[in-house]
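Build the full structure now, drawing on both the sequences and the hints.
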Amino acid sequence: MQSVEVEICAGTACHLMGAQGLLDVTNTLKQTHGQRLQVKLTHCLGACAHGPNARINGTLYSRLTEEKLLALVNELLADNRGAR
Amino acid sequence: MNTTLSEVTKIKRQLYTTIARLTWQDKLVEQIDDVPDEILDNNEISYRCCEHKERAILREKARLVLGLAADQVSRHASLQSMAQQALATSEFKRSCNVEMLSVACDRCPIDRYVVTDACRNCGAHYCKNACPKNAITIVNNRAYIDRNRCIECGRCANSCSYHAIVQITRPCEQACAVGAIRPDADGIAEIDCNKCVGCGACINACPFGSIGDYTHVIPAIEMLKQTDYPVYALIAPAFVGQFGPKVNSGAIVTGLKQIGFQKVIEVAQGAEAVAALEATEYVERKQDGAKVMTSSCCPAFVGLITKHYPDQLGAVSHTPSPMVQLATAIKAQQPEARLVFIGPCVAKKAEAATTPYLDAVLTFEEAACMLVGKGVNLASLAAQPEMADAGPLGRGFAKSGGVTEALVAYLPPGYPVPTVQQADGLQAAVAACDDLRAGRLDADFIEGMACAGGCIAGPGTLINPKVAERLLDRFCKEADAMKKATGN
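Read top to bottom, the protein sequences are chains A and B. At the far end of the first sequence sits residue 72, using this note's numbering, and the numbering has no gaps. At the far end of the second sequence sits residue 500, using this note's numbering, and the numbering has no gaps.
There's no promise every hint is true.
[Said to hold, decoys possible] Only pairs whose alpha carbons sit at most 30 Å apart, straight line, appear in this in silico BS3-like list of lysine-lysine:
(1) B:LYS39 x B:LYS269
(2) B:LYS22 x B:LYS478
(3) B:LYS496 x B:LYS478
(4) A:LYS28 x B:LYS478
(5) B:LYS258 x A:LYS18
(6) B:LYS319 x B:LYS303
(7) A:LYS56 x B:LYS258
(8) B:LYS386 x B:LYS269
(9) B:LYS22 x A:LYS56
(10) B:LYS39 x B:LYS386
(11) B:LYS275 x B:LYS39
(12) B:LYS478 x B:LYS489
(13) B:LYS489 x A:LYS28
(14) A:LYS28 x B:LYS269
(15) B:LYS65 x A:LYS56
(16) B:LYS237 x B:LYS39
(17) A:LYS18 x B:LYS478
(18) A:LYS28 x B:LYS258
(19) B:LYS478 x A:LYS56
(20) A:LYS28 x B:LYS386
(21) B:LYS22 x A:LYS28
(22) A:LYS18 x B:LYS22
(23) B:LYS489 x B:LYS258
(24) B:LYS258 x B:LYS237
To be clear, the hints were calculated from the coordinates, so they are not data collected in a lab.
Okay, structure coming up:
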């Protein structure tokens, strides 16, 4: 079973643009998905002018909102379930 | 609490960061006219009427960042000329620090009770019967409230079985516990500076972001750029955790030094001195027969008494606030140093205008935008040891109850513990002051905090106050452990 890895940038620019909210929704999602969802904080994803940023399974997403992040992660979790 | 940031807050922070960046780069005058368009291009702003209006609003918000009041600039001044003005002025500290941007005010409805489409023109007409002033009639199959008769008692709303009558209060007015916000003749909200205590609660309450405070960002950056004198950061006890989950106090010191501060000092140090002075003062006042003493550390609470209960000013402790206490002590040693307070507070900007010892005041939000504008990322700094300037009692000033705890700790051994009225939030403070004036307050000490929860819930903070409280408690414990380890 594949897992989804979400790395949320906690750099100062992303913190100012709402990284904490991204972390909170992802952690809430983790309560239902457990080990299949890995959540990490990272120092910088190199796109400070376009925060808040997160990397999901290696792909960088900028100007994220909580809804966008949830949609992306949920889609991946659903895909993986199908592949299983 | 919801940690989701509103678009209004995000745009404000982009504006602060962009203006800070241009100031650092000495390109403010040259490029500031392009800033509103840059921000419009970068955001999916849902326009209220058109792009032109949003641009006009951004221009006004940029003026606040520049620290200029509406009456200081001509109506059609370009941002470029305002930037020149801001860079040239040395008078940026102001006693009235919050401004309503009239161009941005959406003129929310001011009728307090409104009949909605849910009204079914029922047979009972409970609303009509409940109204003590006969203000309700049935017009076009619906209840109608005659504004000239309505006394806004709310009985109609409470009586309707369909909840068809709703109470609407303007968010800004609702947030203001001292009644300083009122609509003008055109329905645009206005702030009465004679009543405003500068707490800043309305700033975050307005869903349109129409209220803001003047910043000291430009003069602070200009101070940090030069080398003629040292600039010190005095960081308020509420700072713990404010700059993100991967940033400890040591990293904040390193980051602030990277943008030009020579020293970073915990204001908790001043708070500790304040607690000792205030305890002595309390004992003396009690000896002289005084009934009540209030704290004096929160400038908006002191403003409340000054502006709304001037007859009770005698009860306010004469001990200076921790900010002023620390600044005075530093300037006595080093008069050449420039001092910049960094905290959660909007009212501190007005307090700074009352003392020559403070050179600028920034919120955590503004300081973070200045760091980002200079390209400093606190999260990527190497691990740093925690700050160790202050003990747990001083650090505890940042949350409600902390001032009392420190005061009690500094009372002489065996001294009777005072009965304390916690005025937690401006509304509670108003109630406590009413009781004080009426002589029915059953307390020896009022701890006044304009923000409910204390400074950690201030308008210039960056994290959820509950999280901030947890982190602050831990930071206080560390100070305690350190104290025990070093044996003093």
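Any hints this thing doesn't respect? Which numbers, in order? none
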